[in-house]
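*Asks:* Residue numbers (this note's numbering), protein chains in the order written: chain E, 1 to 309; chain B, 1 to 401; chain V, 1 to 269.
Any given hint might turn out to be false.
Calculated pairs, DMTMM-like style, for lysine to aspartate or glutamate (alpha carbon to alpha carbon, straight line, at most 20 Å) [as the list claims (entries may be wrong)]:
id, chain 1, residue 1, chain 2, residue 2
1, B, LYS235, B, ASP177
2, V, LYS233, B, ASP376
3, E, LYS35, V, ASP106
4, V, LYS36, B, ASP372
Simulated coverage check for chain V against chain E, where a stretch passes if three residues somewhere in it have a Cβ under 8 Å from a Cβ of chain E [claimed, not checked]:
id, segment
5, 66 to 78
6, 101 to 107
7, 113 to 119
8, 243 to 253
Label-pair distances were calculated between CB atoms; the ranges are [unchecked claim]:
id, chain 1, residue 1, chain 2, residue 2, range
9, V, GLU151, B, ALA273, 49 to 59 Å
10, B, GLN298, E, PHE162, 45 to 55 Å
11, B, ALA273, V, GLU88, 41 to 51 Å
12, E, MET201, V, GLY59, 42 to 52 Å
13, B, ALA340, E, ILE68, 13 to 23 Å
14, B, HIS294, V, GLU151, 26 to 36 Å
No wet-lab data here; the hints were simulated from the structure.
All values reported here derive from a predicted model rather than from experimental measurement.
No residue lacks a Cβ here, since even glycine has one placed at the ideal position from N, Cα and C.
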Amino acid sequence: MMGEEFVALSLVPILIGTFTAIACALPGNFLLLRKQALIGDAISHVVLPGIVVAFLVTGTLSTWPMMIGAAFAAIIAVILIEAIRRLGRIETGAAMGVVFTSMFAGGVLLLERSDTSTVHLDVEHALMGNLESLIWLDAMGWSSLLDPVALAGLPPELPRIFVTLLGVLAFLWLFWRPLKISTFDDGFAQGVGIRTGTMGMALVVVSAIAAVAAFDAVGSIIVIAMFICPPAAARLMTNRLEIQIAWSVAFAALSAVLGYVFAGYGPLWFGGQDAVSAAGMIATVSGVILALAALFGPCRSRTGAPSGV
Amino acid sequence: MLFEALALQLGYNATLVAIGSALLGISAGVTGTFLFLRKRALVSDAISHATLPGVGLAFIVMVLLGGDGRNLAGLMAGSALSAWIGLICVQSLTRRTRLSEDAAIGAILSVFFGFGVVLLTIIQSMSSGRQAGLDGLLLGSTAGMLMQDAMIIAGGGAITLALVLLLRRAMTLVAFDPQYARSIGIDPDRVDMLTMLLVLSVTVVGLKIVGLILIVALLIIPPVTARFWTERSEKVATYAGVVGGVSGYVGAAISASTPDMPTGPIIVLTCFALFLVSLFLAPERGVLAAYLRHRRFQEKVHIRQGLLSLAQQQPVYEPLTIRLLAREGLARLDGVPTEAGRARAAKALLDEHRWQIVHGMADFEAISSLYDGLRDIESVLTADQLAEIDALIGGPAEVTP
Amino acid sequence: MTQLELATDRGHIVAAETLAASPLAIRGLTVSYGEKPAVFSIDATVQDGSMTAIIGPNGAGKSTLLKAALGVIKPLSGTVSVYGAPLEGQRARIAYVPQRASIDWDFPARVIDVVLMGLYRELGLLRRLTGGHRQKALECLQRVGMADFAERQIGQLSGGQQQRVFLARALAQDADLYLLDEPFAGVDAATEKAIIDVLKALKAQGKTVVAVHHDLATITEYFDHVFLINVRKVAEGPVATTFTAENLQKAYGGRLATAQIEELELGAG
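All chains should be modelled from the sequences, with the hints used to inform the complete structure.
*Replies:* Printed below as a string of structure tokens:
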């Protein structure tokens, strides 16, 4: 798997998978600590209607309308969830269940009723992505990494997800302190003048953007899995936020690389012929990592001291 | 076409499916109510996504045994098994580690679903892999359904509903007050487990009709919708059953009368439409009613506060208060009270004094706790009691202009 | 209205008297959860350099009053001014200690990390955390007697220790006005002593302390001013003249037996 073939066929999918995994896992840490892990689930469901509506409005599957449509859908979903929770005095989980299933159903329906046969947009693709197909045909080996002509032939998903990852990193770097403080103690955060509502919404929007960028390449299963599994496993490894984030990045990258390799080469080891879904395998590996952390992680259980009830 | 479908005139299969969907909807609504009351609505999301690997494995096993991989009964058995394993994983992650239930739900649903997708791609590459039947399980599809499958769905729906009705009393008790339930010999853990089993059977029966991604909607939306119409848990269950049943029936009928229409989304959107109507228009808890109530309440507070300020010759600070006082003819827009305003202000101040006396009297403790700044004192005290209090103040203060 | 000097801020008309430099002046504050006011039409003026206890029965709106004063919950009506100016511009001068039970102590952080949060206004978004900041956080921990616990995971602390960490975080804010929500709830005797010593030291430096308090027996010992509340204001003023049997009776009604009041050995109101 060295050299030419690897660079052309596997390097780009592995990089996309890794960047995606990290871009989702980073905000996932905060969602997890805010007891909003399932916001990730909700977002990845509503990305579909967002993209479908964007497609119906613009008639093309270009990046920006899709991104904007999906981010809008995520914001609408969060506002709806909050509105239902407050207005109907309904518990968050149930409010979420109402909103994301209905929006997803709406997306599927729109998709089925409109003519999308000319473009690559269907429910299966939305769920599972198509990581394996993102190959770099112009690559002739490692040297192509320095060849501007070959680089121009890179699948556009790669720069897209890379820029997204940089955006997520910039957001966390810039708002690290207010995010951390408002996640830990909302009342205190408001007391020192942090706009906690805006902060929470910004986190959701950033998560949505990561989800959209990821969604196109890898489908929504990975998105949900990466929002939750690496941060959850990381939480069981340490009691410090900074270190938890580092672990989650490591776990996300490991899931992506191992998942891709197992999906591509695993079946061959068992005498099979065809590769299996890389997205599914990446999610599976992240689950195995979480299981190991739950069994052996040094900080897996709650500490005994009174938690202040 | 739709009318024929609603009137059950689209053939034997469509009729069976419509009836099955209605029964499923009722069971899902009632079962979902208990999940909802226990604040565990989204556990059903984990359960439904966790069916996928079971479906895949069942298909593979049946093909390897030389049978038809798409046998619905076999797929349902497989999905039940893997959903059960998923549920156990959620519970052990929640109990044994520091992770909260929502994180456990998200982790399990994505990992199981991901693994299921891996299995689907394996099936695709198997020689007998005509996977079309499995795709339908994601979003529900009743088109071209075998009579045998329709029978299973109708039968499954009926059995689930019977179980729900049988267990509903115990589930209501546990949802309402687990400790009391325990004291009369009902083990809440066991009832919770039975509730989960019902969720599981709803999911499995619903696989073919609604599909595993959206079945959770049928467990969550009906109880949430019902909650807007009543405060009593038995009634929530009943109403949720009705909402679920209507959605299932209408959704299945619409889908049967329209080609290429996945059943799941139609059922879910029918249900969502009922939810929206309730959210806005329900008489007590609906948004419209609540908004009007809040407006009236806010006006009451402002007017009362304004009157007290006028009575104590303090300035009224807030523009809204002044506007409201002016609208009621109690003050001019520059804050100067009118004749009527002075009288009402004096009365408000007198009532405040009366309340203060009430607070200080041990006899009136129960009444004293009713004070919220707005309640008319005449509504809680008799004329005699008021006279007694006024005697303590030193006679009703003259309403001086 | 011409007799008033008016200052307009964000649509609110603030009367001249609230602009007097009281650390915390509240006018006409009403907050309601649903249809029932939790606090109704409260006027309060906290004296500069005082130690004020907010007291009243359960559900009387003590914490609500504090949170609304900080803008943590949105009032139905009313204005708040801090040192004579609107709250928003004055946040640097306020330190708030929320109820210990209001947060999830399973958060992945050490004691020192929590205290460093108190430096947020000083550090802003991006200023680098230096050894000096760390030193300051350690000093604040020292003042509450928790310096040895700096590296400890917060989930491992006892209730009293958690409360002291919260107080250390407030100290790190270098504020002029300290608002504490039930600082003595469920803490051990040693912690109570440590906290009150710190608060008295703050007062000695001329700072103002306002605390929601529930133990009537320690009012005269700990505080110099009281604010009695039961949805509406019952009384406010110096302990000597305001913390009277009569006012307590008004605030607590029948919920406080005469015997209990006698135990407090108050002078006749």
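*Asks:* So, for every hint listed, does it hold in this structure?
*Replies:* Status of the hints after comparison with the structure:
| no. | hint | result |
| --- | --- | --- |
| 1 | B:LYS235 <-> B:ASP177 | 16 Å, holds |
| 2 | V:LYS233 <-> B:ASP376 | 18 Å, holds |
| 3 | E:LYS35 <-> V:ASP106 | 12 Å, holds |
| 4 | V:LYS36 <-> B:ASP372 | 7 Å, holds |
| 5 | 66 to 78 | holds (count 4) |
| 6 | 101 to 107 | holds (count 7) |
| 7 | 113 to 119 | holds (count 3) |
| 8 | 243 to 253 | violated (count 0) |
| 9 | V:GLU151 <-> B:ALA273: 49 to 59 Å | 56 Å, holds |
| 10 | B:GLN298 <-> E:PHE162: 45 to 55 Å | 51 Å, holds |
| 11 | B:ALA273 <-> V:GLU88: 41 to 51 Å | 43 Å, holds |
| 12 | E:MET201 <-> V:GLY59: 42 to 52 Å | 32 Å, violated |
| 13 | B:ALA340 <-> E:ILE68: 13 to 23 Å | 56 Å, violated |
| 14 | B:HIS294 <-> V:GLU151: 26 to 36 Å | 49 Å, violated |
Violated hints, in rising order: 8, 12, 13 and 14; the structure is consistent with all others.
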